[in-house]
Amino acid sequence: MDYRTKFLVVDDMEGMRRILTNSLHQLGMQNIVTAANGAEAWRKIETLTVDVVISDWNMPVMSGLELLKKIRASAQHANLPVLMMTAETERFQVQLAIDAGVSEYMIKPFNVGALESKLKKVIEQPHPKIPLSTGKIPAVLQRTGPDSARDHATSLRDAGQTAGLAKPTLLVVDDLPDNLDVLVELLSENYQVRAANSGERALKILDSGKIPDLILLDVMMPDMDGFEVCRRIKANPATADIPVIFLTAMSETTDVTNGFAVGAVDFVTKPADPPILRSRIDTHLKLRQAFAELKRNRIALIEQNAILQDHLRLRDEFDRMAQHDLKSPIAGIINFSSSLLADPQVAQEHKEIVKYVEQAAYSVLDMVSLSLDLYKMEQGSYVFNPGTVDLALIFDRIVREMSSQLLIRQIMIQFRSNGRDADAPGSLPVLGDELLCYSMFNNLVKNALEAARDGTEIGIDLLAPGAGNELANQYMVSIRISNDGVVPHDIRDRFFEKFSTSGKPDGTGLGTFSARLIAITHGGTIAMETSDEQASTTLTVCLPYALHADLTEPTP
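If you count by this note's numbering, then the sequence shown holds residues 1 to 556, one letter each, in order.
Some clues are possibly wrong.
Below, a list of computed lysine to any residue pairs in the SDA-like style, where the Cα atoms sit at most 25 Å apart [to be verified]: (1) 108 - 189; (2) 118 - 13; (3) 44 - 30; (4) 121 - 26; (5) 70 - 485; (6) 44 - 92; (7) 446 - 493.
Bear in mind the hints are in silico, worked out from the structure with no lab data behind them.
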């Protein structure tokens with residue numbers, strides 16, 4: 001590779017941008033610029049001469065996939081090599097990138113050797129060799145070609161047609177040969193017919209494993225009458241579900257009752273009228289088929305229930321594993337990083353890298369803890385141990401972390417304390433969990449940022465009890481987050497439901513759902529108001545005030 005090649009590294013995590021930059025330096029590359037999201041990257045592509053783009057997938061403001069589509073849609077930059085680097089490994093995610101024209105796709109984590117190999121490929125050929133329009137997908141997706149799918153579909157269709165030609169099998173039992181001949185001749189056109197001239201012979205046929213779909217059974221036979229034959233058929237689990245229709249000249253109520261008592265499904269009086277006989281046979285064959293389908297469905301439901309129970313067991317095991325097996329090595333990384341940072345012999349430039357490792361480890365630890373906590377909240381098993389949390393510190397951290405996105409989109413955060421504009425959030429202590437509060441409000445502010453138009457304002461109003469806070473009593477505080485833009489009509493009624501999302505390709509629909517779980521766990525509430533007239537949306541969260549005791553105790 002030419003060391004003069006200019007690379008644009010795009011990732012919302014500063015640590016990841018630093019790692020990629022260092023990896024490129026190891027390959028002898030020195031001409032490197034960076035961007036924190038797709039929108040910032042596109043501006044640099046338009047103003048700078050960029051030779052290769054290395055982009056993350058999931059980023060705020062503009063994702064890597066959106067950036068890729070924008071590049072391919074541009075006549076000026078359509079041939080720009082793009083290497084997508086991401087932790088996304090789902091088949092449909094890979095296919096989306098190929099659809100959009102990605103040059104190469106690389107899964108994190110990576111090593112320098114693999115990065116070099118991929119970069120050589122993208123520089124030589126910015127576009128994939130096989131266009132997706134042909135229907136062929138690279139082997140990484142492990143999908144057979146369209147011809148194989150078509151052949152498979154054809155074979156299935158042929159098999160279905162062959163199965164459709166198979167006639168139902170009947171076993172006809174009568175001691176009179178003339179009766180058997182008439183029935184065989186009458187029914188052979190529509191059914192496969194086997195005949196038995198005695199009850200004993202019929203039972204031997206069944207014992208041999210030749211199971212019919214339906215049995216036509218004479219009642220009056222020597223040695224063993226039809227009632228006894230039917231009783232034995234129903235006593236055998238292998239034949240118990242075969243429908244038995246009695247053919248008889250008997251018409252007394254007692255005879256009919258006895259027949260049903262031993263398991264018959266119907267009676268046809270001799271001499272049988274052919275259309276009526278066929279109709280009775282067809283009806284009971286359909287009923288048998290329906291019962292068989294119900295039985296299969298029941299078995300399938302039992303199996304699915306067993307699988308679900310197993311999944312629940314695995315989730316419980318993961319809970320235990322995550323608490324210990326995942327947290328322990330993460331804690332080890334944090335401790336080791338802290339030791340390196342405190343070591344005076346470690347160079348300052350190396351300490352900066354170690355600091356990113358420590359921050360990433362803390363982030364992973366928080367995510368593991370949060371995911372387990374949310375799962376327990378949903379199951380009703382979460383044990384809440386609140387402490388005093390100052391929301392001013394929470395919002396200060398959130399705004400600092402989003403500062404680059406706010407700057408790029410020219411969106412201003414306007415804090416208000418008890419209804420008055422403020423440059424910074426005023427102190428507002430609540431009874432809660434710091435990690436949960438951070439997660440909830442980070443999600444809500446992030447949603448507001450995604451919904452707001454460029455150049456607008458996001459309002460964050462912190463209201464203490466008794467300060468014009470009509471939405472809560474003296475024991476509760478209110479936090480209002482307002483933004484330009486409205487909630488889509490299709491999700492307004494289910495805004496806080498699980499997996500509720502609209503118009504966000506990478507949206508999971510879990511942000512507002514988790515916010516509601518967290519608010520309820522804190523003994524608080526959360527509500528959403530959106531106005532088409534004012535083109536605005538406000539989320540209001542009420543949480544217990546940490547200093548409410550001071551409001552109710554008399555002044556000494």
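Outcome of the hint check:
no., hint, in the structure
1, 108 - 189, "66 Å, violated"
2, 118 - 13, "21 Å, holds"
3, 44 - 30, "17 Å, holds"
4, 121 - 26, "18 Å, holds"
5, 70 - 485, "24 Å, holds"
6, 44 - 92, "29 Å, violated"
7, 446 - 493, "21 Å, holds"
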